[in-house]
Amino acid sequence: MANARQKKRQQRLQKAASEIAPGTALEVAIVPVTVESLPGIATLHKQVLKIDYGMSFYRQGVGCANIARVAVWEQQVVGCIYVHIAAGNMHVKSLITCLPRHKIGERLLRAMLEKAAKNGLCQSSLFVHVGNSAAIALYCKLGYEVAATLPNYYSSSPHLHPPDAHRMICRLSPSTTNAPAKQPVPQTRQRVGHCDEACGPESLPAAGQDHRLPQRPTPHDLDDDIVWPSLGAALAV
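End of the sequence shown = 259 in this note's numbering, gap-free, step of one.
Please note that a few of the clues may not be correct.
Computed Cβ-Cβ distance ranges for the label pairs, DEER-style [claimed, not checked]: (1) Asn174 with Ala109: 24 to 32 Å; (2) Glu136 with Arg81: 22 to 30 Å; (3) Ala51 with Asn174: 38 to 46 Å; (4) Ser178 with Gln97: 34 to 42 Å; (5) Lys163 with Asn141: 19 to 27 Å.
Hints are computed from structural coordinates only; laboratory data are not their basis.
Every residue, glycine too, gets a C-beta built ideally from N, C-alpha and C.
Go ahead and model the full structure; you've got the sequences and the hints to work with.
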């Protein structure tokens, strides 16, 4: 019954959002993760990524605005972002929304970048499929640049051709408040066979422990505002 009610609520949200012109920013609230929002976050991952990382992963963000935020619209969780912070770097682990093309993912990522800069972090990193032009465009818009290309990063996802990923980096300035600093990153575009990221408890791309996901989700139409943490971002403008 609970799942049926959740499904109906999602259908109502999708219908309401479909009546708003694509590209129009929804008036969502970007707030810290709470215990009450955990079921919505779990449902979001299951519905969009077709994967469940488990409550232990989602609970990491409870009360920790530095590593996780959720987007709420019409009293429903419609997006979330989880990051891992280590050695002055904020690595995007999971960025996702069920209402693409309404700039929800952009707002979530921008909020975390601003927080990271204010806290004195020097950079942010993420992975994105080389063919996801919409996501790459958004990341470039927010200050990210391609630092390297990792061949066969998505080797466990045979439908991705090629199975390669870009590692993108955004340099941050301690004084940044409204947007990430767009300092140049060496465009070596070198191809490396591994990730030297300090990744962690897999929330889609990386963070703390191993940069490989316990299970790779499959790209969801490369819609904007959908990002697979280690799998890479799929945000579109």
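Which numbered hints turn out to be false for this structure?
none
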